[in-house]
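With chain G's structure known, arrange chain L on it following the hints.
Just so you know, the sequences run in chain order G and L.
In terms of our numbering, the first sequence is residues 1 to 125.
In terms of our numbering, the second sequence is residues 1001 to 1125.
Quick caveat, the hints were computed from the structure, so don't treat them as lab data.
Among the hints, erroneous ones may be present.
What the hints assert, rightly or not - Listed next, with one range per pair, are the computed distances between beta-carbon atoms:
hint: 1; chain 1: L; residue 1: Glu1042; chain 2: G; residue 2: Glu94; range: 36 to 46 Å
hint: 2; chain 1: L; residue 1: Asp1071; chain 2: G; residue 2: Trp124; range: 33 to 43 Å
hint: 3; chain 1: G; residue 1: Ser59; chain 2: L; residue 2: Asn1116; range: 33 to 43 Å
hint: 4; chain 1: L; residue 1: Ser1059; chain 2: G; residue 2: Asn121; range: 27 to 37 Å
hint: 5; chain 1: G; residue 1: Pro76; chain 2: L; residue 2: Glu1094; range: 20 to 30 Å
hint: 6; chain 1: G; residue 1: Ser113; chain 2: L; residue 2: Glu1042; range: 41 to 51 Å
hint: 7; chain 1: L; residue 1: Gly1041; chain 2: G; residue 2: Ala16; range: 16 to 26 Å
hint: 8; chain 1: G; residue 1: Ser113; chain 2: L; residue 2: Gly1115; range: 43 to 53 Å
Said to hold, decoys possible - One-sided and incomplete, this derived list gives chain L residues near chain G with beta-carbon spacing under 10 Å:
hint: 9; residue: Glu1005
hint: 10; residue: Arg1009
hint: 11; residue: Leu1010
hint: 12; residue: Trp1021
hint: 13; residue: Ile1025
hint: 14; residue: Gly1027
hint: 15; residue: Arg1040
hint: 16; residue: Phe1043
hint: 17; residue: Val1047
hint: 18; residue: Asp1049
hint: 19; residue: Glu1053
hint: 20; residue: Leu1056
hint: 21; residue: Ala1072
hint: 22; residue: Pro1083
hint: 23; residue: Glu1087
hint: 24; residue: Leu1099
The structure presented is a predicted model; accordingly, all values stated were derived computationally and were not measured.
Backbone N, C-alpha and C define an ideal beta-carbon position, used for all residues, glycine too.
Protein chains: 2
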Amino acid sequence: MAAPEAVVRLGENFAAFDDLWTPKIVGQINDMQLKAVKVRGEFVWHVHDDTDEFFLVRSGSMTIQMKGRPDAVLGPNEFFIVPKGIEHRPVAEEECEVLLLEPAGLVNTGDVSPGNMTAPNGDWI
Amino acid sequence: MAAPEAVVRLGENFAAFDDLWTPKIVGQINDMQLKAVKVRGEFVWHVHDDTDEFFLVRSGSMTIQMKGRPDAVLGPNEFFIVPKGIEHRPVAEEECEVLLLEPAGLVNTGDVSPGNMTAPNGDWI
Chain G
1 MAAPEAVVRL
11 GENFAAFDDL
21 WTPKIVGQIN
31 DMQLKAVKVR
41 GEFVWHVHDD
51 TDEFFLVRSG
61 SMTIQMKGRP
71 DAVLGPNEFF
81 IVPKGIEHRP
91 VAEEECEVLL
101 LEPAGLVNTG
111 DVSPGNMTAP
121 NGDWI
Chain L
1001 MAAPEAVVRL
1011 GENFAAFDDL
1021 WTPKIVGQIN
1031 DMQLKAVKVR
1041 GEFVWHVHDD
1051 TDEFFLVRSG
1061 SMTIQMKGRP
1071 DAVLGPNEFF
1081 IVPKGIEHRP
1091 VAEEECEVLL
1101 LEPAGLVNTG
1111 DVSPGNMTAP
1121 NGDWI
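Isolated chain G, as found in the complex:
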């Protein structure tokens, strides 16, 4: 699907799926994609060597653990940018709705792909 040239209502996007850790593309700005994802539990430790990764919490809360750095604890309307090259692991005790911003084509599990938590890439919602 091409980028929709329409108003995107995020409430409708998030209401349209239930699966965890599987980012859905909701928009593309130049070569960057905005993705909606629901998370709960622990992801895998991984790194993106070539890109920063943006996490904005919409509802719930999550923690981004990083090697050698303090945790980033995020609640609603709070964001954190994991710099490229930093090994990290998102975790959430309860279900949490998150917006991601990252380059088109980025694989969610980075350097540990493919793996159990590698999601399909390129699905729009």
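Chain L alone, transformed into the frame defined by chain G:
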């Protein structure tokens, strides 16, 4: 100021300024910057020939008028991406809080810069 490697609380960012039509940088992801802006009234018609521009409404509502296309009417948690090369003008009857995503260094008034509504570029908040 360099990109803050800290959790960003958008409520605090928006509470920290009152001026209209003057985007403040709140984060940088690779070469893209996320900016907070408050708008009310009519902006100027302009175009960005080389980049898409992302508008996400946080509170209030705004309309993005475009030449030759239907208006995009945005409420809270709704976004629209103006494709590069499309002449557009944001307008808002009441004050509206907006997140922008665009390349670092982009001038807000595009091809009609400098002008009365050209804002300083590069200010973080």
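So, going through the hints one by one against the coordinates:
no. : hint                              : verdict
1   : L:Glu1042 to G:Glu94: 36 to 46 Å  : holds (43 Å)
2   : L:Asp1071 to G:Trp124: 33 to 43 Å : violated (23 Å)
3   : G:Ser59 to L:Asn1116: 33 to 43 Å  : holds (40 Å)
4   : L:Ser1059 to G:Asn121: 27 to 37 Å : holds (33 Å)
5   : G:Pro76 to L:Glu1094: 20 to 30 Å  : holds (23 Å)
6   : G:Ser113 to L:Glu1042: 41 to 51 Å : holds (48 Å)
7   : L:Gly1041 to G:Ala16: 16 to 26 Å  : violated (35 Å)
8   : G:Ser113 to L:Gly1115: 43 to 53 Å : holds (47 Å)
9   : Glu1005                           : holds (7 Å)
10  : Arg1009                           : holds (5 Å)
11  : Leu1010                           : holds (5 Å)
12  : Trp1021                           : violated (21 Å)
13  : Ile1025                           : violated (12 Å)
14  : Gly1027                           : holds (5 Å)
15  : Arg1040                           : violated (20 Å)
16  : Phe1043                           : violated (18 Å)
17  : Val1047                           : violated (15 Å)
18  : Asp1049                           : violated (13 Å)
19  : Glu1053                           : holds (8 Å)
20  : Leu1056                           : holds (8 Å)
21  : Ala1072                           : holds (5 Å)
22  : Pro1083                           : holds (7 Å)
23  : Glu1087                           : violated (15 Å)
24  : Leu1099                           : holds (9 Å)
Of the numbered hints stated above, those contradicted by the structure are hints 2, 7, 12, 13, 15, 16, 17, 18, 23, listed in ascending order.
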